[in-house]
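Residue-level listing of the chains:
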Amino acid sequence: EAAVTQSPRNKVTVTGGNVTLSCRQTNSHNYMYWYRQDTGHGLRLIHYSYGAGNLQIGDVPDGYKATRTTQEDFFLLLELASPSQTSLYFCASSDSTGGSSYEQYFGPGTRLTVL
Amino acid sequence: GQQVQQSPASLVLQEGENAELQCNFSSTATQLQWFYQSPGGSLVSLLSNPSGTKHTGRLTSTTVTKERRSSLHISSSQTTDSGTYLCAIHPSLLSGSFNKLTFGAGTRLAVCP
Numbered sequence: 001e002a003a004v005t006q007s008p009r010n011k012v013t014v015t016g017g018n019v020t021l022s023c024r025q026t027n028s029h030n031y032m033y034w035y036r037q038d039t040g041h042g043l044r045l046i047h048y049s050y051g052a053g054n055l056q057i058g059d060v061p062d063g064y065k066a067t068r069t070t071q072e073d074f075f076l077l078l079e080l081a082s083p084s085q086t087s088l089y090f091c092a093s094s095d096s097t098g099g100s101s102y103e104q105y106f107g108p109g110t111r112l113t114v115l
Numbered sequence: 001g002q003q004v005q006q007s008p009a010s011l012v013l014q015e016g017e018n019a020e021l022q023c024n025f026s027s028t029a030t031q032l033q034w035f036y037q038s039p040g041g042s043l044v045s046l047l048s049n050p051s052g053t054k055h056t057g058r059l060t061s062t063t064v065t066k067e068r069r070s071s072l073h074i075s076s077s078q079t080t081d082s083g084t085y086l087c088a089i090h091p092s093l094l095s096g097s098f099n100k101l102t103f104g105a106g107t108r109l110a111v112c113p
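As you go down the protein sequences, you meet chains A and B in turn. Numbered continuously in our numbering, the first sequence closes out at residue 115. Numbered continuously in our numbering, the second sequence closes out at residue 113.
Bear in mind the hints are in silico, worked out from the structure with no lab data behind them. There may be inaccurate statements among the hints.
Claimed, not checked - Now the in silico label distances, taken between C-beta atoms and shown as ranges:
#, chain 1, residue 1, chain 2, residue 2, range
1, B, 15, A, 57, 38 to 48 Å
2, A, 61, B, 15, 23 to 33 Å
3, A, 61, B, 113, 22 to 32 Å
4, B, 40, A, 115, 36 to 46 Å
5, B, 39, A, 41, 34 to 44 Å
6, B, 76, A, 53, 42 to 52 Å
7, B, 7, A, 9, 26 to 36 Å
8, B, 64, A, 40, 42 to 52 Å
9, B, 65, A, 54, 43 to 53 Å
Claimed, not checked - To give an idea of the chain B side of the interface with chain A (calculated C-beta under 10 Å), a few residues:
#, residue
10, 4
11, 8
12, 31
13, 35
14, 40
15, 42
16, 48
17, 50
18, 102
19, 103
Note that beta-carbon positions come from the ideal geometry of N, C-alpha and C, so glycine has one too.
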């Protein structure tokens with residue numbers, strides 16, 4: 001089964017602070033994703049990538065940058081954190097090569113609080 | 001864009017009862033996944049079922065692609081089944097965004113002892 005890990009698991013920062021959320025997957029999946037989950041909105045896609053060096057904009061990208069440094073590692077950057085970015089963040093990965101099922105596998109989540 | 005509707009929004013059962021959760025989606029889907037989210041927030045993939053019927057343990061999913069609906073049946077519910085069940089779909093391979101999952105709002109299940 002796919003293994004996706006995230007760090008940190010919990011983070012508290014202040015308004016205007018700099019935050020980096022990390023994600024690593026160990027199954028050589030080509031796609032990786034960042035989602036946020038908020039009450040009343042469900043899970044929403046922030047950014048995604050189909051390989052090292054690639055970045056695609058998701059549905060709620062404002063205030064976020066992302067970088068895919070390797071096949072395994074995908075980072076989400078909040079350079080000027082705001083209270084509206086307080087949320088539960090999930091990373092996921094999937095394989096879109098021929099014959100795959102396109103299933104997405106999720107990490108355990110990072111709970112971010114911006115004071 | 002793609003819409004995913006789940007019903008009921010919440011459900012309360014006595015332990016041992018069965019649950020039937022529904023998912024309806026607005027356009028063709030290549031893949032459909034059911035997830036369980038624990039009260040603590042962790043997200044676990046339960047089943048991947050783009051069409052037909054699939055079983056795993058006490059779970060049965062039936063997806064009727066032409067009617068754009070899927071159901072998740074939980075038999076003999078247990079208190080540990082309490083949590084939120086999410087349905088998510090991948091759009092058709094023919095669309096430009098087939099790798100983007102769209103989630104429903106979920107069904108919150110509470111199983112009482």
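Status of the hints after comparison with the structure:
Take residue 15 of chain B and residue 57 of chain A: their Cβ atoms lie about 45 Å apart, and the range 38 to 48 Å holds. The supplied range of 23 to 33 Å is broken by residue 61 of chain A and residue 15 of chain B, whose beta-carbon atoms lie about 44 Å from each other. Hint check: residue 61 of chain A to residue 113 of chain B, Cβ distance near 44 Å, so the stated range 22 to 32 Å is violated. Distance hint check: the CB atoms of residue 40 of chain B and residue 115 of chain A are about 22 Å apart, inconsistent with the given range 36 to 46 Å.
Restraint check, residue 39 of chain B to residue 41 of chain A: a C-beta distance of roughly 19 Å breaks the suggested window 34 to 44 Å. Hint check: residue 76 of chain B to residue 53 of chain A, Cβ distance near 49 Å, so the stated range 42 to 52 Å holds. For residue 7 of chain B and residue 9 of chain A, the Cβ-Cβ distance of about 32 Å falls inside the hinted range of 26 to 36 Å, so the restraint holds. At roughly 29 Å, the beta-carbon separation of residue 64 of chain B and residue 40 of chain A lies outside the given 42 to 52 Å, and the hint is violated.
Separated by about 31 Å at the C-beta atoms, residue 65 of chain B and residue 54 of chain A break the suggested range of 43 to 53 Å. Interface restraint check for residue 4 of chain B: the shortest CB-CB distance to chain A comes to about 9 Å, inside 10 Å, so the restraint holds. The restraint placing residue 8 of chain B at the interface with chain A is violated, with a minimum CB-CB distance near 16 Å, outside the 10 Å limit. Interface restraint check for residue 31 of chain B: the shortest CB-CB distance to chain A comes to about 5 Å, inside 10 Å, so the restraint holds.
Because the closest C-beta pair between residue 35 of chain B and chain A is about 8 Å apart, less than 10 Å, the hint holds. Residue-level restraint check for residue 40 of chain B holds (minimum Cβ-Cβ distance to chain A is 9 Å; threshold 10 Å). At about 5 Å, the closest approach between the beta carbon of residue 42 of chain B and any beta carbon in chain A falls short of 10 Å, and the interface hint on this residue holds. A hinted interface residue such as residue 48 of chain B counts as satisfied when its beta carbon comes closer than 10 Å to some beta carbon of chain A; here the least separation is about 5 Å, so the hint holds.
For residue 50 of chain B, the interface hint holds, the least distance from its beta-carbon to any beta-carbon of chain A being 8 Å, beneath 10 Å. Given hint, residue 102 of chain B at the interface with chain A, holds; its Cβ is 9 Å from that chain's nearest Cβ, closer than 10 Å. A hinted interface residue such as residue 103 of chain B counts as satisfied when its beta carbon comes closer than 10 Å to some beta carbon of chain A; here the least separation is about 4 Å, so the hint holds.
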